[in-house]
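Given the coordinates of chain A, work out where chain B should sit on it, guided by the hints.
As a plain string of letters, each chain reads:
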Amino acid sequence: MSISRRVLIKSGGIALVSLGLDPLFLARAAFASYRPLPPITGQSRRILVCLFQRGAVDGLNMIVPHADPIYYRERPRIAVPERDVVDLDGYFGLHPRLAALKPLWDEKSLAVIHAVGSPDSSRSHFDAQDYMESGTPGVKVTPDGWLNRYCQHDREHQDTPFRAVAFGPQLPRILAGSAPALAIDDLQAFGLRGPQPAARDRLTRAFEDLYAGAATGLLSTSSREAFEAVQTLKRVDPAQYRPADGVDYPRGRLGKAMLEIAQLIKADVGLQVAFADVTGWDTHVNQGAGEGQLAARLDELGQSLAAFTRDLGARMRDVVVLTMSEFGRTVRENGNAGTDHGHATAMLVLGGSVNGGRVLGKWPGLDPAQRFEGRDVAVTTDFRDLFAELLARHLGAGDLGGIFPGFTTDAARFPGAIRG
Amino acid sequence: MRIRIVSPALALLVPLGAPAQQPALTPHDSALHALNRVAYGPRPGEVARVAAQGVMSWIDRQLAPERIDDRRLAQWEHQRPILDYDRGDLAAIYVAAQRARRERKRAADTMADTLADDPAVQRGRRLAAQFQELAVVRAALTERQLYEVMVDFWTNHFNVYLAKGADRFLTPDYIEHTIRPRAMGKFEDLLIATAQSPAMLFYLDNWQSVAPGASPPFPRSAMRRGGQAVRRAPTGINENYARELLELHTLGVDGGYTQQDVIAVARIFTGWSIRRPQQGGGFEFHDWAHDRGEKQVLGVRFPAGHGEDEGIRLLKLLANHPATMHHVSVELCQRFVKDDPPDGCVDDAVAAWRQSNGGIRAVLGAIFHGPDFWSPGNVGAKVKTPLEFLVSAMRVVSAEPDTSPRLARTVARLGQPLYLHVAPDGYPEREAAWVNSGALLDRMNVAVALAAGRLPGLTVALDSVAPAGDIEHLIGAVNDRILGGTMSENTKQVLGRQLSSIDDPVQARALAVGLAVGGPEFQRQ
Numbered sequence: 130m131s132i133s134r135r136v137l138i139k140s141g142g143i144a145l146v147s148l149g150l151d152p153l154f155l156a157r158a159a160f161a162s163y164r165p166l167p168p169i170t171g172q173s174r175r176i177l178v179c180l181f182q183r184g185a186v187d188g189l190n191m192i193v194p195h196a197d198p199i200y201y202r203e204r205p206r207i208a209v210p211e212r213d214v215v216d217l218d219g220y221f222g223l224h225p226r227l228a229a230l231k232p233l234w235d236e237k238s239l240a241v242i243h244a245v246g247s248p249d250s251s252r253s254h255f256d257a258q259d260y261m262e263s264g265t266p267g268v269k270v271t272p273d274g275w276l277n278r279y280c281q282h283d284r285e286h287q288d289t290p291f292r293a294v295a296f297g298p299q300l301p302r303i304l305a306g307s308a309p310a311l312a313i314d315d316l317q318a319f320g321l322r323g324p325q326p327a328a329r330d331r332l333t334r335a336f337e338d339l340y341a342g343a344a345t346g347l348l349s350t351s352s353r354e355a356f357e358a359v360q361t362l363k364r365v366d367p368a369q370y371r372p373a374d375g376v377d378y379p380r381g382r383l384g385k386a387m388l389e390i391a392q393l394i395k396a397d398v399g400l401q402v403a404f405a406d407v408t409g410w411d412t413h414v415n416q417g418a419g420e421g422q423l424a425a426r427l428d429e430l431g432q433s434l435a436a437f438t439r440d441l442g443a444r445m446r447d448v449v450v451l452t453m454s455e456f457g458r459t460v461r462e463n464g465n466a467g468t469d470h471g472h473a474t475a476m477l478v479l480g481g482s483v484n485g486g487r488v489l490g491k492w493p494g495l496d497p498a499q500r501f502e503g504r505d506v507a508v509t510t511d512f513r514d515l516f517a518e519l520l521a522r523h524l525g526a527g528d529l530g531g532i533f534p535g536f537t538t539d540a541a542r543f544p545g546a547i548r549g
Numbered sequence: 186m187r188i189r190i191v192s193p194a195l196a197l198l199v200p201l202g203a204p205a206q207q208p209a210l211t212p213h214d215s216a217l218h219a220l221n222r223v224a225y226g227p228r229p230g231e232v233a234r235v236a237a238q239g240v241m242s243w244i245d246r247q248l249a250p251e252r253i254d255d256r257r258l259a260q261w262e263h264q265r266p267i268l269d270y271d272r273g274d275l276a277a278i279y280v281a282a283q284r285a286r287r288e289r290k291r292a293a294d295t296m297a298d299t300l301a302d303d304p305a306v307q308r309g310r311r312l313a314a315q316f317q318e319l320a321v322v323r324a325a326l327t328e329r330q331l332y333e334v335m336v337d338f339w340t341n342h343f344n345v346y347l348a349k350g351a352d353r354f355l356t357p358d359y360i361e362h363t364i365r366p367r368a369m370g371k372f373e374d375l376l377i378a379t380a381q382s383p384a385m386l387f388y389l390d391n392w393q394s395v396a397p398g399a400s401p402p403f404p405r406s407a408m409r410r411g412g413q414a415v416r417r418a419p420t421g422i423n424e425n426y427a428r429e430l431l432e433l434h435t436l437g438v439d440g441g442y443t444q445q446d447v448i449a450v451a452r453i454f455t456g457w458s459i460r461r462p463q464q465g466g467g468f469e470f471h472d473w474a475h476d477r478g479e480k481q482v483l484g485v486r487f488p489a490g491h492g493e494d495e496g497i498r499l500l501k502l503l504a505n506h507p508a509t510m511h512h513v514s515v516e517l518c519q520r521f522v523k524d525d526p527p528d529g530c531v532d533d534a535v536a537a538w539r540q541s542n543g544g545i546r547a548v549l550g551a552i553f554h555g556p557d558f559w560s561p562g563n564v565g566a567k568v569k570t571p572l573e574f575l576v577s578a579m580r581v582v583s584a585e586p587d588t589s590p591r592l593a594r595t596v597a598r599l600g601q602p603l604y605l606h607v608a609p610d611g612y613p614e615r616e617a618a619w620v621n622s623g624a625l626l627d628r629m630n631v632a633v634a635l636a637a638g639r640l641p642g643l644t645v646a647l648d649s650v651a652p653a654g655d656i657e658h659l660i661g662a663v664n665d666r667i668l669g670g671t672m673s674e675n676t677k678q679v680l681g682r683q684l685s686s687i688d689d690p691v692q693a694r695a696l697a698v699g700l701a702v703g704g705p706e707f708q709r710q
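Protein chains in written order, with my numbering: chain A, 130 to 549; chain B, 186 to 710.
Here chain A stands alone, though its shape is the one from the complex (with noise of 0.2 Å):
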């Protein structure tokens, strides 16, 4: 599907410069002089989509170093059985409810990152998440997120409202910024609420008009922008979406966000970033082993995920998945048999430019000396040098100075996450 483009230019633009206006405004406003651009086609925009496990996910019982007896030793009562681990190679393994993510480590499009992280030593939740869509460990006072800075940087791909979303109810940390995102929270209610359809057509014309009229500045743009979302959406024509033949997608909040993902991607209106979060990964008591709190949390990301790729097909070739959480938990489980907060987690990568079939890092080991303080995984991989390598080799940006500051990024410390 192809749709067309408004050509949008803000006249006397350069005049108000002059006039010492708010340079933030013409931030903002240069982003609404949408370029004529030719219909997309098959040639489609790299995408990436970024998962927040919020809550700190236990990477050790994620991709289970089977192969180490001391894991088994630290936990008692959460390990993963030996016999349940999918294998991936030879050391590592999938926790069995990840079993549906198996094939594509075979197709070599899945990998994993283990003891990847922070610098930053805190403990807390909140501030670890901070840190991570701030992109800033250790500063609290950063404004924006670190995929709005990207979007910030490459104004290339900024010709349509819906290039970088998050799912869910609310703009996170990580999309905050001066480039527009869209929080999008059920893509078939976004809009205008009406009792019935015409209702809803009236009240949007009628607010379109208005805004259209008496609108200045920031209120026009974003006004803007957000009819021309809503009428987007309307030829996408969300409720009728069908995922392809055999997929189906997990019941619950992440199984949904999964296929609106995918079905924005599909309706080719220019998504190329994409964000969504799940929930219930602090599992202080009562972890569970093959089976569990856990287990049952990795069941969904495990069937969101493979669905997700099945459906898009052959379009994976154009997107990557990443998962990310704030810190991972203790090597040894509690008195609760569940874990604590930790230091180092594993983040998957998933998709077709990925680098799939290896677990990437520096894997430094569970021996109480190796340990970060005694008692968590270490870091050995700054997850700034992931995200970075995910930016720069799969959705090409440039120069990435600025993206995270305070931080020089290195192509040499790439994890070598995405291939060529």
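These are computed hints drawn from the structure, not numbers from a lab. Heads up, a few of these hints could be off.
Sample of chain B residues lacking proximity to chain A, with all beta carbon distances greater than 12 Å (derived) [said to hold, decoys possible]:
1. A259
2. W261
3. V306
4. E429
Covered stretches of chain A, as calculated for chain B (at least 3 residues, CB under 8 Å) [to be verified]:
5. 288–300
6. 334–340
7. 351–363
8. 492–499
The beta-carbon is built from N, C-alpha and C at its ideal position, and this holds for glycine as well.
Frame of chain A; chain B shown alone:
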């Protein structure tokens, strides 16, 4: 040369030698502007009332809130259980909720969706919602409008995050007893009170900051933070509070301090802690944790051998520092005048600060009496935050909050969940932070729901706003009562078109009000 305009009436006189100005504000427009900035927007008929009384007289009254009768709000507050709980009560409720959660998880092996049914957990959540709701209703109902505006200002300036561990039960007390009583007093008093508040000490981790090598004189039992047992003694100095104190609360990021200053400040605040945090205890100075060495901050020497007093001394120094006066004045001018605050406004505010030794009322008075506040170019030049939008919408249609705490959820949906700003810088003031396409659509939806009486948490009777009936009359009433006369020609035409196709006059009125409240004019203040 700048002519200081003392009252808008005098502004009608053209100052000699001044360049050609835009026409000065009429009494009506002055009143509307004041109500939009100094208050959360006008109620029906209030613009005329304030204009008749004289806008400067109204402003001066707002500067002395204790003299304003606030009976209606007092009655509403009387029925709110959240105000009866102190820190200890809330702590007990929170701990019970945590225990219940753990019991459920121990018993279950799947994610307990039944968690939400647990009465202890539900109670905790209800109280949090009521606490957030309180802020919205107070802002909407109070006669002491400027006072509530300042409470919101300081809540963001001295931000605390409600969802961080013990702050769940420390924050309500922080707002009630630390911020609110001092919102219009002296800045120094407010600063010192926040520095000693358990909520701030916990939020920015200072309660665990101890001099290197210090250890408590008695064995520590398990300390609970955020419901998790943390069996570690504090490991040393924590710089978090020191940094934010200098960067956000006082001097500002360009205030001229160095990393060495941050470290020295952190050393000064070692030992500033909380007594029995898991039970909602108050401020306690732990002498054993305090670094008694000599420090130097901003070139000022703090001799060795001092205790809690050197923290107080430092706070007074910071409160009266020129960089602090400037930093906070910039924020105040941002809030009341323009996102990019005019230098003259900031200068006036700083001058008043100096003269009054940081008297917040004096600083505000200088801003409201200054020419920048009344400059026509600055009228309607700001965009409302989600809280300001919702509260002004409630006021303009005389909405009555009901007993369910649902309004907090609406503010959250609009992007500003109260007390839940994660970072210490608080919710931003600039329009770029709030105006995006999704947010505007949300505002339109809220406006339409509000006008139709379908916004949860409120009852609305539009009869007091506009008559249902003749379209011309209706549009005129909406312009006058809701938009304060700022309705554009375009809006009039659009409304005319839309309303003419609706038979039911009650429905037409709801549509007119919904479109006006969701439209571009109403987003501005």
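Now the hints, each set against the structure:
Separation of A259 of chain B from chain A is adequate, the least Cβ-Cβ distance of about 34 Å exceeding the 12 Å criterion. With a least beta-carbon separation of about 28 Å from chain A, W261 of chain B lies farther than 12 Å from that chain, consistent with its non-interface assignment. Against chain A, the non-interface label of V306 of chain B holds: every CB pair exceeds 12 Å, the least being about 14 Å. Distance to chain A contradicts E429 of chain B as a non-interface residue, since its nearest Cβ pair spans about 7 Å, not more than 12 Å.
Using a Cβ-Cβ cut-off of 8 Å, 4 residues of the stretch 288–300 of chain A lie near chain B, which meets the minimum of three, so the contact claim holds. Counting residues of the stretch 334–340 of chain A whose beta-carbon sits less than 8 Å from any beta-carbon of chain B gives 5, enough to reach three: the coverage restraint holds. Check on the stretch 351–363 of chain A: 6 of its residues sit with their Cβ under 8 Å from a Cβ of chain B, so the three-residue criterion for coverage holds. Look at the stretch 492–499 of chain A against chain B: 0 of its residues bring a Cβ nearer than 8 Å to a Cβ of that chain, fewer than three, so the hint is violated.
The structure shown violates the earlier hints numbered 4, 8.
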